[in-house]
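Peer 1: The lines below spell out each chain.
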Amino acid sequence: MKTEKLLEVKNLKQYFKLARNTLIKAVDDISFDIYKGEILGLVGESGSGKSTTGRSIINIYQPTGGEIYYRGKLISDPKTYRAEKTFIYRNMQIIFQDSTSSLNSRMTVKEIIEEPLIIQKLYKKKEERSEKVYELLNLVGLDKIYLDHYPYECSGGQRQRVGIARALSLDPEFIIADEPIASLDVSIQAQIINLFKKLQHENGLTCLFISHDLAMVRYVCDRVGVMYHGKIVELAETKELYRNPIHPYTKALFSSILVPDPDSARERIRIKHNLSIGANSEENNRLFEVSEGHFVYGCYRGRNFI
Amino acid sequence: MSNLLEVNHLAVSFSTEEGEVQVVRDVSFSLKKGETLAILGESGCGKSVLCKSILRILPENGSIKSGEVILNGENMTKLSPKSMDRVRGKEISMIFQDPMTLLNPTITIGKQIMEAVLIHQKISKSAAKKKSIELMELVGLDDAENRHAQYPHHFSGGMRQRSVIAIALACNPKVLIADEPTTALDVTIQAQILELIQEIQAKTGISIIFITHDLGVAAQLAQRIAVMYAGKIVEIGTAQDIFYDPRHPYTWGLMSSLPKIDSDEGLLNCISGMPPNLLHLPRGDAFAQRNKYALKIDYLAEPPMFKISATHSAATWLLHQDAPKVQPPVRFQGL
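The listed protein sequences derive, respectively, from chains A and B. Residue numbering for the first sequence follows numbering that gives the first Met the number 0, starting at 0 and increasing by one per position. Residue numbering for the second sequence follows numbering that gives the first Met the number 0, starting at 0 and increasing by one per position.
I should point out that these hints are in silico values taken from the structure, not numbers from a laboratory. Everything hinted at is true.
Pairs of lysine-lysine, DSSO-like flavour, derived with a Cα cap of 27 Å:
| id | chain 1 | residue 1 | chain 2 | residue 2 |
| --- | --- | --- | --- | --- |
| 1 | B | Lys-291 | A | Lys-143 |
| 2 | A | Lys-197 | B | Lys-291 |
| 3 | A | Lys-131 | A | Lys-120 |
| 4 | A | Lys-196 | B | Lys-291 |
The calculated label-pair distances, taken between Cβ atoms and stated as ranges, are:
| id | chain 1 | residue 1 | chain 2 | residue 2 | range |
| --- | --- | --- | --- | --- | --- |
| 5 | B | Ser-308 | A | Tyr-34 | 47 to 53 Å |
| 6 | A | Tyr-88 | B | Gln-326 | 46 to 52 Å |
| 7 | B | Pro-328 | A | Asp-32 | 37 to 43 Å |
| 8 | A | Tyr-88 | B | Ser-42 | 31 to 37 Å |
| 9 | A | Asn-10 | B | Ser-42 | 38 to 44 Å |
| 10 | A | Tyr-122 | B | Asp-244 | 50 to 56 Å |
| 11 | A | Asp-76 | B | Asp-244 | 57 to 63 Å |
| 12 | A | Glu-291 | B | Gln-320 | 56 to 62 Å |
| 13 | B | Ser-42 | A | Glu-110 | 22 to 28 Å |
Far from chain A, some chain B residues (derived; all Cβ distances over 12 Å):
| id | residue |
| --- | --- |
| 14 | Phe-13 |
| 15 | Asp-25 |
| 16 | Ile-56 |
| 17 | Lys-77 |
| 18 | Ser-82 |
| 19 | Ala-143 |
| 20 | Gly-204 |
| 21 | Lys-306 |
Cβ atoms here follow ideal geometry from the backbone N, Cα and C, with glycine treated the same way.
Starting from the given sequences, assemble the full structure and let the hints guide the process.
Peer 2: Here it is, written out as structure tokens:
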């Protein structure tokens, strides 16, 4: 069991004010830890707040409330964040979901991947730096001919891989991967997933893996949190969660997984989620530990929701 | 049952600055009444272009080079643009990946559905409105009377896709072409839309061509599956043929790049390399470079379609009688 906490998220709240009277609670009071060397999955439907969580951690949004500690250092506070900026970016990187808007369209692929290396002054010699860029391209399965291409000359899948190469360029110890494979083809997906697994085993990479591909999450993650309407409704080790989902939303979500098997696909029964279940009294609105390491949100008694 | 739609040796090319790109190469398949055919392939394999060429809505630089598309005994590649207008929407409809690009944001959903009804049918406006409300109920939009007057931005992604399906079904078409209609949707909504499509098919007996890159979607929906690679159909058969007894190395690769359902050990298999550049297609089989089972002949000549059973055929030299026997990846053995 991994014990060293790398990242602690405590009571994170991220609210957005839309109009005078509308407040969107994108992330509403969630807490979790990420241990060193683990891949934590975050699943849920769009609008459930999983991307916002990732963005709040790396301070793209200033959290409305709560604390985020990285290696024991408080990074959610604007002051300490500014002081620790270089340290944070050296160790923590993010892969964005939308590769089009996250790559500078006036820079070539080489310049994009090279930029973090230049900023952090990691290589003295130009040749060494170029060598590293080639290595990164190779790692994500892109051909060298793309080095001088601009992002718009690449396909969506290729752009996504440029984003991944950029995130990996500093060999960070923690990566926030926001739907890194959603826009990729199946065979490329496998390539990138293998890369994550390999980096985890060989370099001890820690990762927050945000995805809605439940089959892939099951394969790649050590633990999985399920988000729904800004809250984590269930958090457990992957095997436990997939074998024994407890929260009705988790059950509904898992029942909509499409199995690539025509005979069993026809027997699938989809469970519909009823909003009213498990959300009654104030005092029950927190995570309960139902078995070791398996947390469920709301009213849980015996084996049933009331 | 006779074939409703037949595509014979269809070839589509795009002319670009760098030269001619052969996007669809010698594709043939047929579709029976009430059947769902999934066209499975990775991005850039030509699956969308194939369907657009059936409806003849290719971009200006694209053209059908040869082959024919036969609907109800009529060759659609020979029809005049005007007669083609009558086919689109009435005989064959299409739904696309992103519903927002299809819906006009300044016109109410109800009017957009009515528009489709009025173009092809000579009925009064009030009858068209009644019909459009019926359609909205058919696709599972609650409170259709009130929803009729709402705009696309009032609708969620799933509801927009439902509205687009309603427009596509407005004139009771015989064939529905669905181009990745669930890719932009959440898993739960995706499951709902797929169920809706199945329900509608059961009610109306419509034939569906479903384009997807998701093996799970294909398994769920399709009776028959065609696997496309670099503009060609490399394997075609019933869903059971393709999933339980695949014969083409590319299909093997696709299947084994998915995480296995029961085991979580080891690395995923991936297909090494990248799809070929359609501008400069290699000699021989387009898949040869990435194929670890490639034979010498794969680099010299393109394999023809070999028939495996009445429903199942694949284009790989491995099926030639003189080819050496190869062991497919473990998970397909003994099936």
